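Assemble chain G onto chain V, guided by the hints.
As you go down the protein sequences, you meet chains V and G in turn. With this note's numbering applied, the first sequence corresponds to residues 21 to 321, in that order. With this note's numbering applied, the second sequence corresponds to residues 21 to 321, in that order.
Warning: the hint list may mix true and false statements.
Each pair may be met inside one copy or between any two copies, as identical chains are not told apart.
As the list claims (entries may be wrong) - Computed list of lysine-lysine pairs in DSSO-like fashion (alpha-carbon distance at most 27 angstroms, straight line):
{"id": "1", "residue 1": "K301", "residue 2": "K279"}
{"id": "2", "residue 1": "K50", "residue 2": "K36"}
{"id": "3", "residue 1": "K174", "residue 2": "K50"}
{"id": "4", "residue 1": "K72", "residue 2": "K260"}
{"id": "5", "residue 1": "K72", "residue 2": "K257"}
{"id": "6", "residue 1": "K50", "residue 2": "K133"}
{"id": "7", "residue 1": "K72", "residue 2": "K319"}
{"id": "8", "residue 1": "K195", "residue 2": "K181"}
{"id": "9", "residue 1": "K254", "residue 2": "K157"}
{"id": "10", "residue 1": "K321", "residue 2": "K301"}
Source of the hints: derived by calculation from the structure; they are not laboratory data. Computed from a predicted model, the values in this text were never measured in an experiment.
There are 2 protein chains.
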Amino acid sequence: MLDVSLLGTAGTMPLKHRRLSSAYFRLNGKGLLMDCGEGTQVALRECGYNFKPCGVICFTHFHADHISGLPGFLLSMGNEGRTEPVTVIGPAGVEEIVNSLLIIAPELPFEVKFIPVLQSVEYIDIDGYHITAFRVKHNVNCYGYRLDIRRPGKFNTQKAKQNGVPLEAWSTLQKNPSAVIDGRIYTADMVLDSEREGISVTYCTDTRPCTNLTQQATFCDLLICEGMYGDDDKLDKAQKSMHMTFREACETASFADAKRLWLTHFSPSLSHPEEFEDFAKSLFPHAEIGFDGLSDTIKFK
Amino acid sequence: MLDVSLLGTAGTMPLKHRRLSSAYFRLNGKGLLMDCGEGTQVALRECGYNFKPCGVICFTHFHADHISGLPGFLLSMGNEGRTEPVTVIGPAGVEEIVNSLLIIAPELPFEVKFIPVLQSVEYIDIDGYHITAFRVKHNVNCYGYRLDIRRPGKFNTQKAKQNGVPLEAWSTLQKNPSAVIDGRIYTADMVLDSEREGISVTYCTDTRPCTNLTQQATFCDLLICEGMYGDDDKLDKAQKSMHMTFREACETASFADAKRLWLTHFSPSLSHPEEFEDFAKSLFPHAEIGFDGLSDTIKFK
Numbered sequence: 021m022l023d024v025s026l027l028g029t030a031g032t033m034p035l036k037h038r039r040l041s042s043a044y045f046r047l048n049g050k051g052l053l054m055d056c057g058e059g060t061q062v063a064l065r066e067c068g069y070n071f072k073p074c075g076v077i078c079f080t081h082f083h084a085d086h087i088s089g090l091p092g093f094l095l096s097m098g099n100e101g102r103t104e105p106v107t108v109i110g111p112a113g114v115e116e117i118v119n120s121l122l123i124i125a126p127e128l129p130f131e132v133k134f135i136p137v138l139q140s141v142e143y144i145d146i147d148g149y150h151i152t153a154f155r156v157k158h159n160v161n162c163y164g165y166r167l168d169i170r171r172p173g174k175f176n177t178q179k180a181k182q183n184g185v186p187l188e189a190w191s192t193l194q195k196n197p198s199a200v201i202d203g204r205i206y207t208a209d210m211v212l213d214s215e216r217e218g219i220s221v222t223y224c225t226d227t228r229p230c231t232n233l234t235q236q237a238t239f240c241d242l243l244i245c246e247g248m249y250g251d252d253d254k255l256d257k258a259q260k261s262m263h264m265t266f267r268e269a270c271e272t273a274s275f276a277d278a279k280r281l282w283l284t285h286f287s288p289s290l291s292h293p294e295e296f297e298d299f300a301k302s303l304f305p306h307a308e309i310g311f312d313g314l315s316d317t318i319k320f321k
Numbered sequence: 021m022l023d024v025s026l027l028g029t030a031g032t033m034p035l036k037h038r039r040l041s042s043a044y045f046r047l048n049g050k051g052l053l054m055d056c057g058e059g060t061q062v063a064l065r066e067c068g069y070n071f072k073p074c075g076v077i078c079f080t081h082f083h084a085d086h087i088s089g090l091p092g093f094l095l096s097m098g099n100e101g102r103t104e105p106v107t108v109i110g111p112a113g114v115e116e117i118v119n120s121l122l123i124i125a126p127e128l129p130f131e132v133k134f135i136p137v138l139q140s141v142e143y144i145d146i147d148g149y150h151i152t153a154f155r156v157k158h159n160v161n162c163y164g165y166r167l168d169i170r171r172p173g174k175f176n177t178q179k180a181k182q183n184g185v186p187l188e189a190w191s192t193l194q195k196n197p198s199a200v201i202d203g204r205i206y207t208a209d210m211v212l213d214s215e216r217e218g219i220s221v222t223y224c225t226d227t228r229p230c231t232n233l234t235q236q237a238t239f240c241d242l243l244i245c246e247g248m249y250g251d252d253d254k255l256d257k258a259q260k261s262m263h264m265t266f267r268e269a270c271e272t273a274s275f276a277d278a279k280r281l282w283l284t285h286f287s288p289s290l291s292h293p294e295e296f297e298d299f300a301k302s303l304f305p306h307a308e309i310g311f312d313g314l315s316d317t318i319k320f321k
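One chain only, chain V, in its complex shape:
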């Protein structure tokens, strides 16, 4: 199962009662952070999480409201005693930008590794998360991320026996793709039923509706999607600033057949996004208006 929390839901600038957009995921004790604006470290603590288990940080893009909290966040991880490397994933230039910010956090007790995302769609496997980074449509190079948590098939004794897999390989093949016994290779598919349905969450901020987003949100368990403006009248503004209205986010969720939608990344001018809840639900019944701290645990079927 996968824990999901919206740490903040503010776009552009932090407000008194609304922290900058960010989300945190936890899978088997391994944390993954999406974006890290100013204040994210406090938001994480408010949600009851620790820093130390966070091994992966994904950046959608490098506007300050999505990354300025990184030095403080990494320092707090160090203060909590993390010594294992942390992997930072982001658009081209991620290493240069992060290193530039780390001038004020020069002595971290762990290594920071980088995975720059260069193609329109890229796949990264790390800490049990199968990540798909996909380019979205903003006024700078910007990505969304789909997280897939795969679930292998059940162990099938009959299949193992039929395939002549020796007993001493059975346990290994339930956790590893292959095992070598007496010079012969045995693979997991020789003892397991076909892969069961996993968990998938798609996260995006700062984009117009686009094909990549719809594709990567298809059939996901949860789409966390920007909704900069609640009111249809703000469509013009959304188009100019390369953001989305609630209607557009709901239509994306609906078209992609997402199971649920959490709206986030609200404009500072949108004081009470919850006033648009009925409107959002009328467009996509499983829409929820995000708020700082909104959390859930998504379980395997």
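Only chain G this time, still in chain V's reference frame:
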């Protein structure tokens, strides 16, 4: 008169109900910010100030908890429409460090100017603030700042006449150091009584007690001083981390004959600094335990 607000009182890391140490000053509509950790922009807004009038930002040092909020702060100033230059004052390296952080705020609508402080004590006059930067005793190069708001003497008609200052120079000399009439120079001291008592505030975080601090706090109207630990038992910790206990801050205020003391920059381990209020007052009667938003207006006598 001078408005003073503690924007935050946390040392090391921001807590849910305690923002990072920072103070804001306002003099004749001109703002001056001391330090800018993560969250300072929200703290400023919570205190009811605007960003635009802030023309000077002083940094005590470059630990992340004192500077990481700068990119967001400057972006918010730009969003509010500031186009006049902003002057950043700080220890050696200030320009390199700030420019490194501004990689995520590359297009500010105003110029950022720099004044590096290199000597043990330096003087800077800007926006009506007479600033004394003084080196303190921390584990990195770190400064405190004294702000003096000078108050010229009253206009003295008799003196002006005695010194033969022509009538058309009188108004000019009340606002300027000199005036030239018919090729002759007249100076302000020819028409003004001697300077009246001004206002002075001394600000320091991150230091052990030291001579520079005591000197620069002498007779000040308000000393804003770090007090990392309330309990005398933490003296050892304070010594090791190059910070101060409440007792040391109170003794500094007392020895310097400061009029008032606001304690700030509390350790995350000091959950309720207000519990040490009686103790602090027993050492220095005009001590106050700072809190986020503590504000006052210091008037000329």
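How the hints compare with the structure:
no., hint, result
1, K301 to K279, "within (13 angstroms within a copy, 60 angstroms between copies)"
2, K50 to K36, "between (30 angstroms within a copy, 24 angstroms between copies)"
3, K174 to K50, "within (23 angstroms within a copy, 69 angstroms between copies)"
4, K72 to K260, "between (40 angstroms within a copy, 25 angstroms between copies)"
5, K72 to K257, "between (40 angstroms within a copy, 24 angstroms between copies)"
6, K50 to K133, "within (16 angstroms within a copy, 44 angstroms between copies)"
7, K72 to K319, "within (24 angstroms within a copy, 48 angstroms between copies)"
8, K195 to K181, "within (18 angstroms within a copy, 99 angstroms between copies)"
9, K254 to K157, "within (18 angstroms within a copy, 54 angstroms between copies)"
10, K321 to K301, "within (25 angstroms within a copy, 62 angstroms between copies)"
When each numbered hint is compared with the structure, no violation occurs for any of them.
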